[in-house]
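Undergrad: The lines below spell out each chain.
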Amino acid sequence: MDLTLSPAEEAFRDELRGWLEANHPGREPAGDDAAFEFRRVWQRKLHDAGWAGLSWPEEYGGRGATLVEQAIFNEEMVRARTPSVANVLGLAMGGPTVIAHGTEEQRKRFLPAILSAEEIWCQGFSEPGAGSDLASLKTRAVRDGDEWVVTGQKVWTTFAHHAKWCMMVARTDPEAAKHKGLTYFLMDMEQDAVQVRPLRQITGESEFNELFIEEARVPKENIVGREGEGWAVAITTLMHERATLAFGLQVSVQIALRELIETAGNARGLNGAVASEDPVIRQRLAQLLIESEVLRLNAYRGLSAIMRGGVPGPEGSLGKWHWSEVNQSLTELAMEIAGPRAMLSASDGNWSYRFLRARANSIEGGTTEILKNIVAERVLGLPRMR
Amino acid sequence: MNFGFTDDQQAIKRTAREFLKERYPAATVRRLAEEERGFTEEQWQEVAELGWPGVIVPEDSDGLGLGTVELVVIAEEMGYALAPTPWFSTTAATLMLVAAGTEAQRERWLGALARGEARGTLAVWDEHAGWAPDHSELEPDADGKLTATKIAVPDAGSADFLIISGADGRHWLIEASDSGVRISPEEAIDPTRKLFRVELSRAAAEPLQGAGEAIARAYATVVTMLAAENVGVGQRAMEMAVTYAKDRAQFDRPIGSYQAVSHRCAQMLLEVEGSRSLCYWAAWALDHEPDTGPRAGSMAKAYAGDAGFRVTASALQVHGGIGFTYEHDLHFFLKRAHANAHAFGDSRWHRDRVADLAGL
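Protein chains in written order, with my numbering: chain A, 1 to 386; chain B, 1001 to 1360.
Please keep in mind that the hints were generated in silico from the structure rather than gathered at the bench.
Just so you know, even glycine gets a beta-carbon here, dropped at the ideal spot from N, CA and C.
Honestly, I wouldn't trust all of these hints.
[What the hints assert, rightly or not] Below, simulated EDC-like cross-link-like pairs (lysine to aspartate or glutamate); rule was C-alpha separation at most 20 Å, straight line: (1) B:K1021 / B:E1042; (2) A:K108 / A:E118; (3) B:K1013 / A:D2; (4) A:K45 / A:E119; (5) B:K1246 / A:E377; (6) A:K45 / A:D2.
[As the list claims (entries may be wrong)] FRET-style restraints, in silico, Cβ to Cβ: (7) B:A1313 / A:T367: 22 to 28 Å; (8) B:A1216 / A:D2: 51 to 57 Å; (9) A:R341 / B:R1310: 55 to 61 Å; (10) B:G1169 / A:E10: 49 to 55 Å; (11) A:A346 / B:A1313: 58 to 64 Å; (12) B:P1025 / A:G129: 52 to 58 Å; (13) B:G1169 / A:L270: 29 to 35 Å; (14) A:A342 / B:T1149: 33 to 39 Å; (15) B:G1169 / A:E28: 34 to 40 Å; (16) A:E9 / B:A1216: 53 to 59 Å.
Only chain B is shown next, with the shape it has when bound in the complex (with noise of 0.2 Å):
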């Protein structure tokens, strides 16, 4: 029993620490959140190198063949760093054709994706979709192709393939220079993550054969990431609001000798532990008890979801009027919190999921 990261962990952990803080500096986020793309290859190459794109890729296709863990230790230095890469958007795909691609699918995009030669995203969203993220009306036509719009679709616009969801379960993978694809822009909230809308007209679309369990097992993944995103963007938010609070000084004391500041601040850690402990145990369950692991990702993702946006609102106010100027960093917090919040089944959607899965 260790409830803590192992010696290759705790590196990993490091090591992205340091890239990105070298990397990513506030400026540069803030120049990559004004741009359409919102990354260089040059910096997704930097990316690749450090192997992350590969994280969960079996070794036999150049992967890592890591697990879940790693991901989720990644993820978190992500948000604590808010880098605007794909990193995130082209897992998610990677997920899910490893956990459901066909052989051909695999042996043709795997490895390129472990090299970062390729990337993919992951499209759910229907038009005029509900709130929840595993319902979509979409039918291929007759002959198999598909005609559909999705929108808020991450990293669309630099990907190589996305994987498409549909009625009843099933999946789709669409390269997107078919001639059926069209992908413009969509203007998001959250400029540290670049959302698109996908329209597709006939586009040639190959099913993806895995079985339900794996899907889900894949999108439990998917939003365990996007919580502990939430725990290094909270993480952050709190740091920001705890050195503001002892350096601001009002009725000649630092604000973070009131009470109802201090307070607000122990209250944010309150919520990034609890976020950061969900987060950690569901990442182990999903590797290692299968059983756990999809209400374990849910319950990580309803709560980080509505930490995440409390925790960096709280920061916000914190710092008063400094903290609502487009030119103080915390608002790209404060957005990328909410998106995640909102991203593959919100906190409502997550709990009632937790609630069936407890059998109530």
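Same shape as in the complex, but just chain A (with noise of 0.2 Å):
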């Protein structure tokens, strides 16, 4: 065991530090739009600086840095409580999977604008009857010529209203067995055969949408991967968004802890009394520190595994499920510390809504449920329940 860095790490450690004191962009402006091109001018800045996508390799515009120096990035920027960049899903999981599936054109082609931003991404992987079932979705492709012909829904398209590509799993075998006959397509947003509806959420915002195709078109050069082999690809997707999102959750979580200590300093509990005085509420703030340290420290060993043996061990699995549950009792006790001012929307520190956004963390990216079955079956080898 060591935890400590290296003089090389730490350099890059006290680099990075400098430059955000130095660029740190400030707080994001409200409202949909005006936050999102916050977050591009602020994804551009870090490109220009060389500090996007930290771990791609170098000739595609990364900067090949190990996983040690990735997560130094995600913990610095929890220090430095940086905004989010524009193009989450572009940066997690489409140039990951086109690195690990795409041709040499396609990453050449793809893979710059994602960094620098240009090209936001999204995700067209459940349907309104294919959500914790993926494989079981309809969106159908043919083909036509060297093109192919897309129709169907897709929903929960996050970013779908500022995206020029889908990262979108189609059937292009009807006959084929469920997970056979998928195909993963990068879908131009840009035509008129694919509208996006947005859908409101009951936070009021709509950051998710609806996609209806309609005979939307794609070129034969857009399939990354082969053709009927995109369940797999689209596994590399999903493992991607939960192990580096999840890296960066658990980074979150330490923010939000640190602002919700803050708020429980300042705010009036039983009798007058500071609420962070509160003997209840300080066990549970306790216990959001401690469930917050095993969160950092289960990515950490999940890093260190890979390092070893190019696998996360049983760690790994559990990420995503603990963090929507330890997020959402943080928010639930900032309600609590809120008292009366938990009954309306505008709060101090956002809360009010932080609160009703976590009850999307637990279905998101995978439900809670699905996460159990995966953890009971692939890594304690119980049988399937199916």
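Take the two lone chains, each set in its own frame, and fit them into one complex as the hints suggest.
TA: Below is the structure:
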């Protein structure tokens, strides 16, 4: 065991820390479009300084950073409380999928614009009838010369209204077995055949969308992997979603918890006393400190396991599930600390919004129930339920 | 940055797993659980030959001069095997002497402890103690002798000396052979760790001398060891539950194919792995990051204390009726996890410390 950084890693951290001090963009503005533009500018700034696509190979505009450097990067982002970047899905999922399964032409075509936030990516996997049982999806793609013609409906498509490219899985062989007849496409969102309809969430905002696809055209060079092998490619995307995003997620929990502790120090609890001095609140804040430490340590353990053996250990399957529980209990506690203000939408620190938004955490990116199935079957070796 | 064991630590882990599996099969644990002392001198000598009593004793006192990570590696395997040895209690006393013993005390005891020729234990709970393990009202008599009662002292019946905690963080060493010391067995919920009542009547006591910080670090190490035991206990209980869920069929299917059962098992993994991450981190921090060590130790103890009990209780539920029988081994694990959760500060007390140390 050695949890200290090497001199090279320390140098990397110090360089980043210095850069962040000088270049922090400040607080995100309100309003969906303004916020998105702000994130785009921020990502470009990161990219120009060589901090975007940290883990990607240098030949594709990345930095070829080690896993430890990526971890340091994520931790420093927390320390500095930086805002999100614009092309989250392109950076975390689309790019790594193209690097893993794409052709050389695809890498050259798509990767630079992901890094620079010039082309935003979204993900078209889920459908109204295919959620947890993703492989039952029905969107069809039919070959027409050098193109594929796609028809169907996708749902929960984050950032679709900003996106240029959609990573989309469609059924190309309806005769084949469920998992076998799927193909992974990169679909241009800028065509009339693709209609984006925002889905209003319980928070009132529209972060997700529905896609109505009516004979959209996708050139055959935009297939990632081979025809009929879309499931394996999609799994790569999902693994990256759970692994890469998970590392960032534990970081976001730590930021939120630090803010909540501050909030509790200023809030009035029972009989006018300071909320953070209430023994029950203290217990629950301490438990959250412990659980967020578990999230961080599991992420590091997973990292070490990958460095040793190339695959994440059992703790790797737990991150997203555990994070959603921690983030939900954190925001629930925030509502208790808010007292009567828990009834109001506008609260200090945006806690009311975060409380509602957290309800999606145990659904998005794999429901907790599906993740438990994965742990039970693949890690513990219990018999499949089906 | 490497969150994993070194080759040497891996070797200690393998040796511990194999040795304990070979020497402490379930039937042996069960037999020792029925006895008052809980181990034989031959069994202790075998443990001593492995060098385990001297893990943290400096090499010039015949110890191995290793650190907390190595202690935690062994403690986890001790929990996994549920071996009823006095290794934990004597290591706790050794930690106190290393941290705060006088020159004479260290000279007299450390070598003998490392060689397995002597054993100590740590007595913290006053007879009417509250929840705080660091609170004692014990004051020495005017001439320095001690008159007091301590409860739930592990392995006191087979120890050569006791480290006694008192008011204002003071500690004393008392020899078990002193005429003012009376030790009687208590009936413990966990029969694999023997607890005793220690009554002192004007017993001769030598004060320890170390600084409060060194003593606090020794306690943090003790609780991290208990947390590590609970990792092993939880791991074993989870394995038992998973095996049972694969084998046991009801309604013509293995019960592990039902999500009500399989998700319960997944939850066990979440809690065992979380405990493990915290324990390993705490052990490392206690050796290398003095500022983080005590907070990390309390985090590990609070989390693994809760998790150990929940995982073993959940494993019992998976087993159904058979898990409730004395004949099945599972209850020993549940009892150890439960006792560990309450030893040296329960989860609530340690969470409160975490809050303190976080500036809350």
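Undergrad: Against each hint, give a clear statement of whether it holds in the structure.
TA: Results of checking the hints against the structure:
no.	hint	verdict
1	B:K1021 / B:E1042	17 Å, holds
2	A:K108 / A:E118	14 Å, holds
3	B:K1013 / A:D2	17 Å, holds
4	A:K45 / A:E119	15 Å, holds
5	B:K1246 / A:E377	11 Å, holds
6	A:K45 / A:D2	34 Å, violated
7	B:A1313 / A:T367: 22 to 28 Å	26 Å, holds
8	B:A1216 / A:D2: 51 to 57 Å	24 Å, violated
9	A:R341 / B:R1310: 55 to 61 Å	34 Å, violated
10	B:G1169 / A:E10: 49 to 55 Å	37 Å, violated
11	A:A346 / B:A1313: 58 to 64 Å	43 Å, violated
12	B:P1025 / A:G129: 52 to 58 Å	54 Å, holds
13	B:G1169 / A:L270: 29 to 35 Å	32 Å, holds
14	A:A342 / B:T1149: 33 to 39 Å	49 Å, violated
15	B:G1169 / A:E28: 34 to 40 Å	49 Å, violated
16	A:E9 / B:A1216: 53 to 59 Å	31 Å, violated
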